[in-house]
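Could you put the whole structure together from the sequences, leaning on the hints where they help?
For the record, the sequence lines run as chains D, E, Z and S. Per this note's numbering, residue 1 is the first one in the first sequence, and the count goes up by one each step. Per this note's numbering, residue 1 is the first one in the second sequence, and the count goes up by one each step. Per this note's numbering, residue 1 is the first one in the third sequence, and the count goes up by one each step. Per this note's numbering, residue 1 is the first one in the fourth sequence, and the count goes up by one each step.
Calculated directly from the structure, the hints in this document are not laboratory data. One should not assume that every hint holds.
[Claimed, not checked] Short derived list, chain S residues pointing at chain E, Cβ under 7 Å:
{"hint": "1", "residue": "K2"}
{"hint": "2", "residue": "G74"}
{"hint": "3", "residue": "E151"}
{"hint": "4", "residue": "T205"}
{"hint": "5", "residue": "P269"}
{"hint": "6", "residue": "Q272"}
{"hint": "7", "residue": "I351"}
{"hint": "8", "residue": "K354"}
We put the CB at the ideal spot given by N, CA and C, even for glycine.
Protein chains: 4
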Amino acid sequence: MKYPPVHYHNYLGLDKLLDSQKLKSLEYGKPAHDELLFIIVHQAYELWFKQILFEINSVMTIFSTNPVEESKLGVACARLERVIAIMKLTVGQIDVLETMTPLDFLDFRDVLYPASGFQSFQWRLIETKLGLRTQDRLAFNQSPFYKALHESQQQEMQDTMTQASLFDLIEKWLERTPFLNTDSFDFWKSYRGAVQNMFQDDIHTVQSNPRLSEEEKKKNTLGLENSLKNFDALFDENYYENLRQQGQFRLSYKALQAALLVQIYRDQPILQLPFRIIRALLDIDETMTTWRYRHALMAMRMLGQKIGTGGSSGHKYLADATAQHKIFTDFFNLTTFFVPRSQVPELPPNIAKKMNFNY
Amino acid sequence: MKYPPVHYHNYLGLDKLLDSQKLKSLEYGKPAHDELLFIIVHQAYELWFKQILFEINSVMTIFSTNPVEESKLGVACARLERVIAIMKLTVGQIDVLETMTPLDFLDFRDVLYPASGFQSFQWRLIETKLGLRTQDRLAFNQSPFYKALHESQQQEMQDTMTQASLFDLIEKWLERTPFLNTDSFDFWKSYRGAVQNMFQDDIHTVQSNPRLSEEEKKKNTLGLENSLKNFDALFDENYYENLRQQGQFRLSYKALQAALLVQIYRDQPILQLPFRIIRALLDIDETMTTWRYRHALMAMRMLGQKIGTGGSSGHKYLADATAQHKIFTDFFNLTTFFVPRSQVPELPPNIAKKMNFNY
Amino acid sequence: MKYPPVHYHNYLGLDKLLDSQKLKSLEYGKPAHDELLFIIVHQAYELWFKQILFEINSVMTIFSTNPVEESKLGVACARLERVIAIMKLTVGQIDVLETMTPLDFLDFRDVLYPASGFQSFQWRLIETKLGLRTQDRLAFNQSPFYKALHESQQQEMQDTMTQASLFDLIEKWLERTPFLNTDSFDFWKSYRGAVQNMFQDDIHTVQSNPRLSEEEKKKNTLGLENSLKNFDALFDENYYENLRQQGQFRLSYKALQAALLVQIYRDQPILQLPFRIIRALLDIDETMTTWRYRHALMAMRMLGQKIGTGGSSGHKYLADATAQHKIFTDFFNLTTFFVPRSQVPELPPNIAKKMNFNY
Amino acid sequence: MKYPPVHYHNYLGLDKLLDSQKLKSLEYGKPAHDELLFIIVHQAYELWFKQILFEINSVMTIFSTNPVEESKLGVACARLERVIAIMKLTVGQIDVLETMTPLDFLDFRDVLYPASGFQSFQWRLIETKLGLRTQDRLAFNQSPFYKALHESQQQEMQDTMTQASLFDLIEKWLERTPFLNTDSFDFWKSYRGAVQNMFQDDIHTVQSNPRLSEEEKKKNTLGLENSLKNFDALFDENYYENLRQQGQFRLSYKALQAALLVQIYRDQPILQLPFRIIRALLDIDETMTTWRYRHALMAMRMLGQKIGTGGSSGHKYLADATAQHKIFTDFFNLTTFFVPRSQVPELPPNIAKKMNFNY
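This is the structure:
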């Protein structure tokens, strides 16, 4: 009662909201039943995109401080998890859109020309703010992607492209992870030892296996030695930078190492939230990829070999973009450098203590 | 190119749509992060409600003609199935809303007072158009439910309450089902015979079962005779009307019989779409009930024993309404009158032929 | 290559697994197509129940030590979250089972008599291990629930009923929460002060509101004073114990207070995992309740007013049990005692420091 | 009571079922918590695969007769829809499996070597029975895919590969569609006319558009003429056969035409179930593709650049197979040949009458 009474109808702005569905097919005198569904699905997407942007912005604010406050990590993690929940919902919206059959779509498809999802400002903002760069994007129609946006939005998009993304902020935050190298503990030296021991053991197992022929032994040993060499990317900074320049990695060397530390020692209380945050970023990437893939399948179903409303070769472009428009690929690839927990070097007690609460 | 070019941004009215989220907490100088989610979830609900109403209206138009065109049944069925798909999606939206914790809700709860989902005009329209009557509604606050609506909407709601609902139209359509009683085939007589035979067999099985004592035989026989009596509702119109006046049934006697015929002989081509339409109505009822239940659970979680924003006793009211606000209950109860397929009377060939295509 | 090679088929025991579907309808010479679905859905349930039990047991092991190791909380939380994921999946299985229509079920229903989900040992174990007590269970057929189990399982069930449940272990763990009362900080005193200030403010707002009549002021003030009295349960141990004996609460006084502390100060690093664990327990309760409800709806659909295969009054019993068989109700009700974050007493710096990492 | 009483526990064979999880990690003395989840997820998959095969077999039986009974189409359609529901559920199981992190998988990954999903007999049977041919399969390891199966299953797989698939049966059924060409109605002639009119109109619109330059007119006209040429595949059997031999189509010319007729005139009562059956096959293909894609993403997440347990290059192979292992692609591509409903030639009344019921 402290505030003037509010009615649901006014609070949600329903007069405006429910008056925002203008059917083109109706305007041109050829009313098509399914156009309303088409509009409402896309409006629901845009509402959710607004929410996703709001959450991403708030998480970026948290990660923009140096250091990031420990007491903000729980909130940051919860908001990323909310983004995942929303994205899962939007994947489900495709089930609803697919209740429209291609023939029904054809009833109003030509009145929309050339409107297309390519022109969604908010979706492009989400991608860009998360960290998708121009060079990561699949080229389309020889024209920069932001040229498809409404004129009034192109400048803001270009500005956003020059600002730090969530990827960048997370990278800097990871680089500042303590414990990577302290006086009493050189994680990389001990991890490298563990990796080498593991492979030596494996090679010994091969060499002493009476069931294997000499040739098989040679071949298997070679395979193991090659696997061992893969780990050089982790232990040899120059080699890593080389691979990074070739585009095989994006994270800085130090950030990659920190991400590995977080993964390997995640059970230490201080690493639990960082671990959950990395997992949430992986989930966001995976759910966005799933969304793109379902969207591409739907486009194929709706259009066959026809070109998309935006003039793209439709399905083909979408399917290719699905594979390429990933952002946190390094976190996926990190797995390559894991060793089984039984081989992970134990933390010295003084380090373990620092990673725990001490009240 | 026949029409002026359209841009996604303008087509979807995004300027208006994305400007419709006015945070009360901001207005009062106490910005609460989760209020945006709260608004957007409810706006997404209202967008979907608009779509559901559009589909229900179109289905009602189809069922308003006499006779209903056979070539419209496929479309009617598909639109009801779309309503189901949308309702399943809206159940999923609760997962998103539950990423807001009760403490986060408390940050802005008092600025919304007394706004509440009870005031959703579209939801009430959906219920009413499907067939929920005033007498089916759980009383709340001694005031008719439509008094909670925005003043500008109360008259339209009262008008809608006096019009034929989808329930009414389906009932009339079912009543007109041919084949219920033809010269050559009296379905009810043969069905009644089948039911009696089935129970006579069962009673005989009991009586001749050497493992049963005399007392057990008596008890089991009595049980079977009572079950047989249940079927009287189906075969004795006066008895049925009696039960109907007591509120145990709502469908007219003839419509109930037709619904049973459709269920039992669904595999006949002419009954396939009616069967699917009845099933879709059941699914709509069930999904709405699930939505109400999840909503009630969420309210309990969000508010504990506190009263809802609409002044209701929150969870309790919602839980009770869940159980009571069903519409197509008769279709659920119809199962009571099924007999196993092996006992179903076979259709005479001339009837079966009429239920099939003949090209 | 360290271990003998394994084939997928043998590893999963598929010979045995895929030979475990014995159709009774086939055995009795009346093959019913949908019986296989019925068996496989229930076998899939039981596989998942085994996994759920495995996770619950491992979480109980973690919470059985005193103190519970901080470095185990992340794992415990992840396993509870896995239980939620599994339960959500099993809710989805109902969609699959509902592709069977009641008429199809009738084709084999009588050959199963009196088999029933009531006889599922694993489901009863899950409920019991989580903390459902005999007195919480809805009475059924005048006979203890475990009498429905297979004879070979009744003893194990009775033994489990005498052991500490997860509810009990969580309660003890919460009771040991530090920070509830330290030399420098009496949480309860400061929380009580905050609550009183909040209500005094509200009463003052009412009293000085020129739009309210004297009568309205009196009524509203009374309402606020009653709300304030509700909080006595939190601040007056005797009063709480009284309510607890009446069954309004189950958690010990101290555990309830600790749960509130965790909720209110969740952003402090040391409380993040406890907060997430409590939320996971709430989610488990809510998902189990949703499952029960969907199951009850399905039963109603499948059986109408017929009695269930287990001889129960089917739908009715299931619906009532849904409402009653909750376990962590206190965590839901806790919300009643929340105050908005702006009113929450700030932690003294030395306490906040102890709740954080200090490396 | 006609049959001996049955207990849930025995009916479901739970002794056997719940004793089928043999942890290799335990056998080798290195118990890994998550191995049970890994086993149970895959066992649940195999249970569902058994059900899917059962349904596909029953649908194949229905489509094996000539003619296919109209009164069986409803059942066939419902069973295909059940397959879709099951496949959607199995997509959801990936969410459960992803609660296992890569590090947890590493704890037992080497004891499973070289077991792999490639060795799933039932999955390969599903693909083969639906219609995936050897030439459609992405080559893997230079060895026929069935060589990965258990020895005891390779012969049955090879036999299945020589039998008619569901694709083949559906093709034959479509070819027999009446109405393709009757005395009074040549669908193809009138459809071709409609297509030509539509394009002539479009070309005229371009030519008379004052906003277009001569060059733009020329370019747009050329584009429309090319689109028109695409339709030749539909109207010129020789051209179609040519494309078919190049692998661009798989369906016979007549079956493709019938499928188009069904799509275009779906609202005619006799075409409703055929339309729904084609849609169900599309949905099955799309859901299997989604499953493969989610599975590929999960593999990438679990293994990074590591090779899969089956020795494959893991993620890469799975992603490529996703794109290639489609079966009913022609039904997707059919959309290319749709014209808007307003352009579809109207059925002559005598044909429309034959497509309807006449009681």
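Quick rundown of the hints versus the structure:
1. K2: holds, 5 Å
2. G74: Check passed: Cβ of G74 (chain S) comes within 4 Å of chain E, closer than 7 Å.
3. E151: violated, 42 Å
4. T205: holds, 5 Å
5. P269: This hint holds: P269 (chain S) lies near chain E, its Cβ roughly 5 Å from the closest one there, short of 7 Å.
6. Q272: With Cβ-Cβ at 4 Å, under 7 Å, it holds.
7. I351: Violated: closest Cβ of chain E sits about 9 Å from I351 (chain S), beyond 7 Å.
8. K354: holds, 4 Å
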